Amino acid sequence: MDKPMPLTEALFYILLSLGEPNHGYGVIQQVSAMTGGRVVLGPGTLYGAINALLERGWISLYSEETDARKKKEYLRTAAGTQALTQEVARLEELVQNARAYLKSDGRGHHAQI
Amino acid sequence: MRKFKLYYDKDEEEAWLQSMCAKGWAFQKFFLGVYTFEPCEPGEYTYRIDLMANSFQEQEQYKAFMRETGVEPVAQWYRWCYLRRKASEGPFELYSDVDSMIAHYSRIRRFFTGALVLEAICLLTEINGLLTTGDPVFWFFTGLILAFVVVIASAVHKCGHKIRGLREG
Numbered sequence: 001m002d003k004p005m006p007l008t009e010a011l012f013y014i015l016l017s018l019g020e021p022n023h024g025y026g027v028i029q030q031v032s033a034m035t036g037g038r039v040v041l042g043p044g045t046l047y048g049a050i051n052a053l054l055e056r057g058w059i060s061l062y063s064e065e066t067d068a069r070k071k072k073e074y075l076r077t078a079a080g081t082q083a084l085t086q087e088v089a090r091l092e093e094l095v096q097n098a099r100a101y102l103k104s105d106g107r108g109h110h111a112q113i
Numbered sequence: 001m002r003k004f005k006l007y008y009d010k011d012e013e014e015a016w017l018q019s020m021c022a023k024g025w026a027f028q029k030f031f032l033g034v035y036t037f038e039p040c041e042p043g044e045y046t047y048r049i050d051l052m053a054n055s056f057q058e059q060e061q062y063k064a065f066m067r068e069t070g071v072e073p074v075a076q077w078y079r080w081c082y083l084r085r086k087a088s089e090g091p092f093e094l095y096s097d098v099d100s101m102i103a104h105y106s107r108i109r110r111f112f113t114g115a116l117v118l119e120a121i122c123l124l125t126e127i128n129g130l131l132t133t134g135d136p137v138f139w140f141f142t143g144l145i146l147a148f149v150v151v152i153a154s155a156v157h158k159c160g161h162k163i164r165g166l167r168e169g
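Here the protein sequences come in this chain order: A and B. According to the numbering used here, the first sequence is numbered sequentially starting from 1. According to the numbering used here, the second sequence is numbered sequentially starting from 1.
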């Protein structure tokens with residue numbers, strides 16, 4: 001089992017937002033709402049990310065209507081949920097250490113254990 | 001309305017299409033250096049150019065995906081896709097983070113490097129013909145292909161420069 005790689009913000013948020021089936025445009029809107037407009041995914045970025053996630057088996061195609069008006073929807077898989085959970089654990093470790101070691105004046109110190 | 005221009009830098013090409021749109025001309029079609037425009041409201045659209053994959057199926061998937069996100073694939077030339085979106089819908093950037101931008105320019109650089117290799121082989125063939133026959137026709141083609149090689153090599157170099165700039169942040 002190789003060492004899990006940190007996820008980019010885009011991949012993280014796309015994985016997070018696909019806990020429910022959604023299409024490309026919906027993901028862009030949801031991620032923008034989740035981040036208060038800070039992360040606005042470009043369609044090129046999203047296209048590449050979705051293909052990468054499909055290849056890794058972290059998301060799958062949820063529905064594909066032959067009706068041209070219906071958009072393709074994606075959904076996170078069990079493997080994707082596991083990857084996301086591992087990433088959250090990694091990020092929590094970062095934040096916990098920051099809270100412990102980073103003083104409010106911006107300087108670090110050894111924690112008194 | 002038509003204009004003839006040869007671009008090898010897609011960012012400069014985008015900027016030009018943007019400036020044309022600001023003057024009230026919306027880009028519609030490209031063919032061998034000939035750009036076709038239609039009248040529009042000044043600044044009505046934002047234009048972007050992307051390099052798609054090689055297969056027809058992937059290209060159709062890409063264009064369908066773009067349409068689903070509200071982006072219009074207005075023209076295509078080989079693997080190059082010309083995209084536009086109404087300016088009223090807000091700023092239009094294809095790539096919103098550094099990693100995907102690097103991937104974008106890396107793909108373009110790979111594309112130009114492949115073309116460079118092919119052109120270099122053609123150049124060597126022409127030079128060989130030139131040296132073995134001395135036929136003046138070979139002078140012309142050698143010169144032509146040499147020009148292509150120089151242009152494509154500088155396109156590869158420019159991509160490398162942009163990627164380095166993105167990496168250094």
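Treat the hints with care, since some could be wrong.
Claimed, not checked - With the Cβ distance kept under 7 Å, some of the chain B side facing chain A (calculated, not the full set):
| id | residue |
| --- | --- |
| 1 | 37 |
| 2 | 50 |
| 3 | 66 |
| 4 | 69 |
| 5 | 71 |
| 6 | 72 |
| 7 | 93 |
| 8 | 94 |
| 9 | 95 |
| 10 | 96 |
| 11 | 97 |
| 12 | 99 |
| 13 | 100 |
As the list claims (entries may be wrong) - DSSO-like mimics (lysine-lysine), calculated; alpha carbons at most 27 Å apart, straight line:
| id | chain 1 | residue 1 | chain 2 | residue 2 |
| --- | --- | --- | --- | --- |
| 14 | B | 86 | B | 5 |
| 15 | B | 158 | A | 72 |
| 16 | A | 71 | B | 86 |
| 17 | B | 5 | A | 70 |
In case anyone wonders, no lab produced these hints; they're calculated from the structure. All of these numbers come straight from a predicted model, not from anything done at the bench. Even for Gly, the Cβ is constructed at its ideal location relative to N, Cα and C.
Here is how each hint holds up against the structure:
1. At about 24 Å, the closest approach between the beta carbon of residue 37 of chain B and any beta carbon in chain A exceeds 7 Å, and the interface hint on this residue is violated.
2. Nearest Cβ of chain A to the Cβ of residue 50 of chain B: about 6 Å, under the 7 Å cut. The hint holds.
3. Taking 7 Å as the C-beta contact cut-off toward chain A, the hint placing residue 66 of chain B at the interface holds, the least distance being around 6 Å.
4. With 7 Å as the threshold, the beta carbon of residue 69 of chain B comes within range of chain A, its nearest partner Cβ sitting at about 4 Å, so the hint holds.
5. Checking residue 71 of chain B against chain A: minimum C-beta separation of about 6 Å stays under 7 Å; hint holds.
6. Interface hint status for residue 72 of chain B: violated, as the beta-carbon distance to the closest one in chain A is roughly 11 Å, over 7 Å.
7. A least Cβ separation of about 5 Å between residue 93 of chain B and chain A falls short of the 7 Å threshold, and the interface hint therefore holds.
8. Look at residue 94 of chain B: its Cβ gets to within about 3 Å of chain A, closer than 7 Å, so that hint holds up.
9. Hint status for residue 95 of chain B relative to chain A: holds, with the closest Cβ pair at about 5 Å, below 7 Å.
10. At about 4 Å, the closest approach between the beta carbon of residue 96 of chain B and any beta carbon in chain A falls short of 7 Å, and the interface hint on this residue holds.
11. Satisfaction of the interface hint for residue 97 of chain B is found here, the shortest Cβ-Cβ separation to chain A being roughly 5 Å, below the 7 Å cut-off.
12. With a cut of 7 Å, the hint placing residue 99 of chain B at the interface with chain A holds, because the nearest CB-to-CB distance is about 5 Å.
13. The beta carbon of residue 100 of chain B is positioned within 7 Å of a beta carbon in chain A (closest approach about 4 Å), and the interface hint is therefore held.
14. The suggested pairing of residue 86 of chain B with residue 5 of chain B holds, with an alpha-carbon distance near 24 Å, which does not exceed 27 Å.
15. For the suggested pair residue 158 of chain B and residue 72 of chain A, the alpha carbons sit about 36 Å apart, so the restraint of at most 27 Å is broken.
16. A distance of roughly 20 Å separates the Cα atoms of residue 71 of chain A and residue 86 of chain B; the hinted pair therefore holds under the 27 Å criterion.
17. Proximity of residue 5 of chain B to residue 70 of chain A is assessed by CA-CA distance (about 39 Å); at most 27 Å being required, the pair is judged violated.
When held up to the earlier numbered hints, the structure conflicts with 1, 6, 15 and 17 and fits the remainder.
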